[in-house]
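Undergrad: Chain residues, written in single-letter form:
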Amino acid sequence: MNVALDFTAILNDQYLHYFVTGIQNTIALFVLTWLVAFPLAVLLTVIRSSGIRPLSWLIALYVEYHRNVPLLVQLLFWYFGISSLFPDGLNDFINQHNTEFIFALLALVLYTAAYMSEDMRSGLRAISKTQFEAARAMGFGFVQTMTYAILPQVWRLSLPPLVNQTLILFKGTSLAASIGVAELTFQARQIESITFRVFESFFVVSLLYLAGSLTLMFAGSWLAQRYKLRTR
Amino acid sequence: MMVPIITLESVGKSFGSFRALKSVTGEINAGEIVVICGLSGSGKSTLIRCLNGLEAIDEGRIVVDGIDVAARNTDLNQLRRRIGFVFQQYSLFPHLTAIDNVSIGLRRLQRVPTEEARARALVLLERVGLAHRSNYVPAELSGGEQQRVAIARALSMNPPIILLDEPTSALDPEVVGDVLAILQSLSGTGITIVCVTHEMGFARNVGDWIWFMEDGSLIEKAPPELFFSKPHHPSAQRFISTIWRSHERA
Amino acid sequence: MLDVVQQYWPYLLFGSYPNGPLGGFTMTLVIAIVSLVLTFPSAVLVALARTSEVRVLEHAAFLFVTIVRGIPLLMLIFWVYFFLPVALGTPISPFWSLILAIVVFQTAYLSEVLRAAIEALPKGQTEAALSLGLSYFPRIWKVTLPQALYNSIPGILNQFTSMIKETSLGYVLAVEELTYAANKVNNFILVKPFSVFALLALTYFAVCFTLTQLVRLLEARIENRFTRVAAA
Numbered sequence: 001m002n003v004a005l006d007f008t009a010i011l012n013d014q015y016l017h018y019f020v021t022g023i024q025n026t027i028a029l030f031v032l033t034w035l036v037a038f039p040l041a042v043l044l045t046v047i048r049s050s051g052i053r054p055l056s057w058l059i060a061l062y063v064e065y066h067r068n069v070p071l072l073v074q075l076l077f078w079y080f081g082i083s084s085l086f087p088d089g090l091n092d093f094i095n096q097h098n099t100e101f102i103f104a105l106l107a108l109v110l111y112t113a114a115y116m117s118e119d120m121r122s123g124l125r126a127i128s129k130t131q132f133e134a135a136r137a138m139g140f141g142f143v144q145t146m147t148y149a150i151l152p153q154v155w156r157l158s159l160p161p162l163v164n165q166t167l168i169l170f171k172g173t174s175l176a177a178s179i180g181v182a183e184l185t186f187q188a189r190q191i192e193s194i195t196f197r198v199f200e201s202f203f204v205v206s207l208l209y210l211a212g213s214l215t216l217m218f219a220g221s222w223l224a225q226r227y228k229l230r231t232r
Numbered sequence: 233m234m235v236p237i238i239t240l241e242s243v244g245k246s247f248g249s250f251r252a253l254k255s256v257t258g259e260i261n262a263g264e265i266v267v268i269c270g271l272s273g274s275g276k277s278t279l280i281r282c283l284n285g286l287e288a289i290d291e292g293r294i295v296v297d298g299i300d301v302a303a304r305n306t307d308l309n310q311l312r313r314r315i316g317f318v319f320q321q322y323s324l325f326p327h328l329t330a331i332d333n334v335s336i337g338l339r340r341l342q343r344v345p346t347e348e349a350r351a352r353a354l355v356l357l358e359r360v361g362l363a364h365r366s367n368y369v370p371a372e373l374s375g376g377e378q379q380r381v382a383i384a385r386a387l388s389m390n391p392p393i394i395l396l397d398e399p400t401s402a403l404d405p406e407v408v409g410d411v412l413a414i415l416q417s418l419s420g421t422g423i424t425i426v427c428v429t430h431e432m433g434f435a436r437n438v439g440d441w442i443w444f445m446e447d448g449s450l451i452e453k454a455p456p457e458l459f460f461s462k463p464h465h466p467s468a469q470r471f472i473s474t475i476w477r478s479h480e481r482a
Numbered sequence: 483m484l485d486v487v488q489q490y491w492p493y494l495l496f497g498s499y500p501n502g503p504l505g506g507f508t509m510t511l512v513i514a515i516v517s518l519v520l521t522f523p524s525a526v527l528v529a530l531a532r533t534s535e536v537r538v539l540e541h542a543a544f545l546f547v548t549i550v551r552g553i554p555l556l557m558l559i560f561w562v563y564f565f566l567p568v569a570l571g572t573p574i575s576p577f578w579s580l581i582l583a584i585v586v587f588q589t590a591y592l593s594e595v596l597r598a599a600i601e602a603l604p605k606g607q608t609e610a611a612l613s614l615g616l617s618y619f620p621r622i623w624k625v626t627l628p629q630a631l632y633n634s635i636p637g638i639l640n641q642f643t644s645m646i647k648e649t650s651l652g653y654v655l656a657v658e659e660l661t662y663a664a665n666k667v668n669n670f671i672l673v674k675p676f677s678v679f680a681l682l683a684l685t686y687f688a689v690c691f692t693l694t695q696l697v698r699l700l701e702a703r704i705e706n707r708f709t710r711v712a713a714a
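The listed protein sequences derive, respectively, from chains A, B and C.
For the first sequence, the numbering used here assigns the number 1 to the initial residue and increments by one for each residue that follows.
For the second sequence, the numbering used here assigns the number 233 to the initial residue and increments by one for each residue that follows.
For the third sequence, the numbering used here assigns the number 483 to the initial residue and increments by one for each residue that follows.
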């Protein structure tokens, strides 16, 4: 390697806004996806445990689809495939509002919710039936039982896999680059193709990802310790 | 005037082809203490679980506090708030402290404000001797302590009836006495107690009636003095002699 | 969708072969299998380093795994494809860039699977080997690895399934695997994006779902074998 490293070439005012845009979009995708996917996963878990067969089966299908199809393909399917079925009015609306971002969000939400609901489902299975009985025997209805007795336990039991899934989501936002969302990975390529500073631009972006990942890992393990469900 | 608060008419229940309950009939008056005993598999747990609808009956009728438990339009949740239930395995909510376990019914079902609910829960915990452990979670409590909290929880909404399904069977012998003492302290307060148990000493000293079950049938109902001295049914006789023998050995 | 299959199945399955380079689903399999073959030994080495009790090795391996798991695969692909040629002075084909990136990425993940399996072995195994006078390498080769690897078969298959899904990122580098091929077909037909991408998703689903079911079957069998041995 005979090219001297020059970080100032990319970390100056001219190109800084690329990084800022990248960070903004990555975080926006990450946070918005999480805020929608998590409640959706809770809903799916509650519905699945209600015992209504056809619904459980549908949800199982939903989960298996999103676990077995690559995330990139899911993105492309939404962006190219399903969008072609939308009525013109909807497409116009989406086009006025940052098309790529919306489809990326859609794909990421459904993908993440599928995995999260599986994590919660295994947490649910670890809870003994007598817990349900104790709540029902007190007079709690089904929804109340889930809300006050069961879900608080599911949350604590599923915390480790949920933390892991959050990490996967954070890195998964990078695939939005493939449909043109200006998140970090996309911007890394942008900066590199303009300045030809391959190492510097990739290094900074990688560092940013690492910072995010490590923060999530530490926060996650702190949460898991704090909310650990202790059983004798 | 004795008023029946629980009535069973020809109650039958099957699990698949297995007949767990066969035409059980009986009455329990308000304020009475009824002990249900029998060998394992006699259907006593099934019977008590039918009283609050945890198990659905296939034949007959159960009327609790004026409400037909199995009727289609019965609001089972409403009924259950008037029945306290204590499980063999305590079944406290592991994510809640003792005081939260006891107050959750008050807070979430009766919409009692948190401060008041916790105060009332504390009183109940004092009654079972565990006020000093109110901020501990079940994992930090011994089996006996958990069961006492469970009893406090069952009493939290002032139910007229409390059902106990083998409350001491999972406990170490040393602490069985503590739990039974609490139940004994409830007698005379007007609360109706139905308890499935093997503790015949308790049955003898505290019970008003003993219901003896075998193979899904309720074959003998008698006050303790009569039951232990002059049992009618040969199975009951055998049961009692086995109990006394094991008592003497212990 | 059926007509798309009828007309384009050779291209989607084999690419331009025999009139050109291999492509399509076959290429997907080739990439995945080559990646697995290359990942396996390196994952074993990293797992052994993690469990070696040699401080330097443990820390180096930990650093490697943490860093690789902290950045997205797409970023890693960019590193290999855009930076490595600059560093090494020779160009690297998209095909090998993809494989190398997947290998590095999966080495980190697979090494964790193997490490878990090694650590899950009963301590008695190591003690027995030590008391027989076996030194490190013979012990690892004859006692630890055979058992750990056998127990990891479901985990290895899981990672292989992930690799198949990861080959879809060849789309970004214009590698002629299934996703890229489907995209080319779509660009050719233009009017049936839904059919093309639905077909794409379905193909991955069929393959990966079959593999995950196979894993489930194997997990049950392997667990039984372990308990049978323990019982005897």
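Derived by calculation from the structure, the hints in this document are not laboratory data.
One thing to keep in mind: the hints can contain errors.
[Claimed, not checked] Some, not all, of what chain A presents toward chain B, calculated at C-beta under 7 angstroms:
{"#": "1", "residue": "Gly51"}
{"#": "2", "residue": "Ile52"}
{"#": "3", "residue": "Pro54"}
{"#": "4", "residue": "Ala126"}
{"#": "5", "residue": "Ala134"}
{"#": "6", "residue": "Met138"}
{"#": "7", "residue": "Tyr148"}
{"#": "8", "residue": "Gln153"}
{"#": "9", "residue": "Arg230"}
[Claimed, not checked] To spell it out: a stretch of chain A is covered by chain C in this simulated footprint if at least three of its residues, at any positions, have a beta carbon under 8 angstroms from a beta carbon of chain C; those stretches are:
{"#": "10", "segment": "22–36"}
{"#": "11", "segment": "56–69"}
{"#": "12", "segment": "181–189"}
The model shown is predicted, which means the values in this text are computed figures rather than measured ones.
Backbone N, C-alpha and C define an ideal beta-carbon position, used for all residues, glycine too.
Undergrad: Any of the earlier hints contradicted here, and which numbers?
TA: 1, 2, 3, 4 and 10
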